[in-house]
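> Order-wise, the sequence lines are chains A and B.
Quick note on numbering: the first sequence equals residues -17 to 146 in the working numbering.
Quick note on numbering: the second sequence equals residues 6 to 262 in the working numbering.
To be clear, the hints were calculated from the coordinates, so they are not data collected in a lab.
Note that the coordinates shown come from a computational prediction; the quantities given were computed from them, not determined experimentally.
There may be inaccurate statements among the hints.
[Stated by the list, open to error] Under the rule of at most 25 Å between Cα atoms (straight-line distance), these lysine-lysine pairs were calculated in the DSS-like manner: (1) K77(A) / K189(B); (2) K143(B) / K42(A); (3) K78(B) / K169(B); (4) K189(B) / K42(A); (5) K105(A) / K189(B); (6) K64(B) / K240(B); (7) K78(B) / K105(A); (8) K105(A) / K70(A); (9) K78(B) / K77(A); (10) K105(A) / K87(B); (11) K129(B) / K229(B).
[Stated by the list, open to error] Label-pair restraints from in silico Cβ distances: (12) K42(A) / E48(B): 20 to 28 Å; (13) G219(B) / H90(A): 45 to 53 Å; (14) G158(B) / H90(A): 19 to 27 Å; (15) Q47(A) / A216(B): 25 to 33 Å.
Think of the CB as a built atom: it goes at the ideal place given N, C-alpha and C, for glycine as much as any other residue.
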Amino acid sequence: MRSSTGIKRFAGLLMGGAIALLSMGAQSESAVTQGSRAATMDACVAPTAEMRRNHMDYLKHDRVQSVREGVRDTKNSLVGCVDCHASKDDSGNYKSIVAEGEFCQSCHSYVAVQPACFQCHRKTPQQGHAALGMNQDAAEPALGLLPGISRSDLSELHANVMEH
Amino acid sequence: MSQKNDQPNMKRREFLGKTIAAASVATIAPGVMLTVARAGSDEGASGATRWGMLINTAKCANGCSACVDACDKENGIDLLTKPEGQSDEMWNAQRPQWIRKVTLRDKQTGVVSNLPMMCQHCEKPPCVDVCPTTASFKRADGIVMVDRHLCIGCRYCMMACPYKARSFIHSDIAEQVVQAPRGKGCVESCNLCANRIDGGAATTACQDACAAQGHHAILFGDIKDPNSAISKALKTFESKQIRADLELNTGVRYTNV
Chain A
-17 MRSSTGIKRF AGLLMGGAIA LLSMGAQSES AVTQGSRAAT MDACVAPTAE MRRNHMDYLK
43 HDRVQSVREG VRDTKNSLVG CVDCHASKDD SGNYKSIVAE GEFCQSCHSY VAVQPACFQC
103 HRKTPQQGHA ALGMNQDAAE PALGLLPGIS RSDLSELHAN VMEH
Chain B
6 MSQKNDQPNM KRREFLGKTI AAASVATIAP GVMLTVARAG SDEGASGATR WGMLINTAKC
66 ANGCSACVDA CDKENGIDLL TKPEGQSDEM WNAQRPQWIR KVTLRDKQTG VVSNLPMMCQ
126 HCEKPPCVDV CPTTASFKRA DGIVMVDRHL CIGCRYCMMA CPYKARSFIH SDIAEQVVQA
186 PRGKGCVESC NLCANRIDGG AATTACQDAC AAQGHHAILF GDIKDPNSAI SKALKTFESK
246 QIRADLELNT GVRYTNV
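Next comes chain B alone, as it looks inside the complex (with noise of 0.2 Å):
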């Protein structure tokens, strides 16, 4: 049905104009957008923001569980039963957990502290290098995380993982939180309570559940920001990255260790 003659398409022409006028557009944008969206919700995450944790471990109270409880609450964890035949002890070793109580105790003093260890969001996340399907990545706020859809549930990551941060999914789950999808065969972490904090919120679950127990241990935000409460605290006290040695650059830190 074509038809053949000497004068040059115009469609063609036009739309070719159009296609490349676009990408000049597309070229552009990103970097503008980089400085218009800071904060998750329609913008989507942003490379201006940064999202990390002080944790003041002397605020940190021996025996307190207010946090693990909050984020087992928040991310549909304490839905979980134990599977039928399991043993108390397989189920403890193997039950997800994305936060979880470490207790500290100086052999030399005796002196014993205490801090909530989770992912620890690295700039160079170890767990991210290895996996094969890109499933675990790293969002432009740096939060790292697992998009489960990609997952196979290989546990590259939780070998690479230096801070045991992640966890397994060993069994069909029967009920899910909306914010919190799971199911068997899929590996998951702490994400910074990336669900809330993409609808505006400016607190993870643990952050408060820890301040309402008084102890205000937990100071979660943009670390990018020099304004922000975490930027100011980074800035004013000595803190450390827990195996510092690896330079992963991690996006939680702790004061007090």
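One chain only, chain A, in its complex shape (with noise of 0.2 Å):
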């Protein structure tokens, strides 16, 4: 009796210590793509041991909640994803979010599950159209500041700036 209590606890010990490694590993190089506007952050819409664990639940949920129920401004959104996580080429291109080496292929080629989203989904942000969802920071002040004027409206005005 004692002594398989303590065959137990030191197996119990050896996989925590086990357990605590590797997320210790996993922990300590980041995935994010570097040029990437994920790169320039703390973290995501939740911290990163969190989204690493139960971004697929979030973005199913999300998904249904969205499609079937119409409710657009959800936290998690798929198109915040790339708007946030592509990164550029020499260029200036938008790279595509599964193509080698990208923020989900990286990962999701290691663990050897292939993300079905981008089958259908775009795979780099779409210019002048901004995320509904969390991402719309880099909007947000400059429309604080004009009041009365929508977003596209802005994008459209700053074509026009652009142009001239």
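Hints given; two lone chains; assemble the complex.
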């Protein structure tokens, strides 16, 4: 009786240690793609560890809400993922989020799980399209300063200014 | 590790009490929500709204395709290209079309009229009836659409639709717009620009385009709101449902057909 609990305890310790080591290893290196907007931020919509574990559940929950119930300004939006995590190539064009070495692909190929999202969803941020969801922080302060101007008006204004 | 004693578990009682309280709130809440939430955005689609459309066929101009072009642009249909090796005939028959122009000619009098035809957003949609996966569904606000996450591409809904409103994506898609995800093997159709409406817009892309051309043939709005322009128009003018004999109670209606 005694010895068995001892073995159990030892095994538990060993397992705990192994898990701690593994998670530390996972925590230490960042998977965020250099040059993406996400690289300039402290954390995603939730702490990194939480996002790593639960992002698929968040996405699935919010996909049901937005498609079937019409709740669009959800916190966890796939468009938000792409907007924030996509990086640009040398010529300044956005790279596909599922391209070799890019954010989604880098982890998913490691764990051999294929994300089916981008068979249908857009793989790069869409110019001039403000994501419905959390990633409006870039446009938000400007809108705060200019009340009464909608986001589309603002982007149009932007385009005009860039032209002249 | 469980302790065995005769005392009731107070934690469990507390939990049960809270659960019952929460459940009673939840049962009241939907009724409250119905009166509060009207249109889209963070509240979601509400049953107090029913989005619909009134199309004045007399104003729909012959040869004009502004609504079709606007729809194609809004929903990324213009990004699609003909698959290599496919004939033009096949491509034109299979390419997705959410809205299309139909020209009617009275054989006896020869009078020609035009109308845009798209998903009629039935109250009792046959496409929803036949869908084996519940991918084809009707939102609380009356918009009939396809949840592509669940669509298996069986095309029963295309067979069931009396309006030929649905399209199937036959080949891989290179590029999509954010507001209209699209992939091989799913069915799709007009969703009354649900994305725009949820974002707070009051018009659809086709309506805007029609108005920009000066025709104003398309009127979109909430047919449950007695003060909306569409409700007033429906009350004033005689309108028709296409294939009214099917008793689907369509959300899209036509005048001067």
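> Starting from the hint list further up, note which numbers the structure goes against and sort them upward.
none
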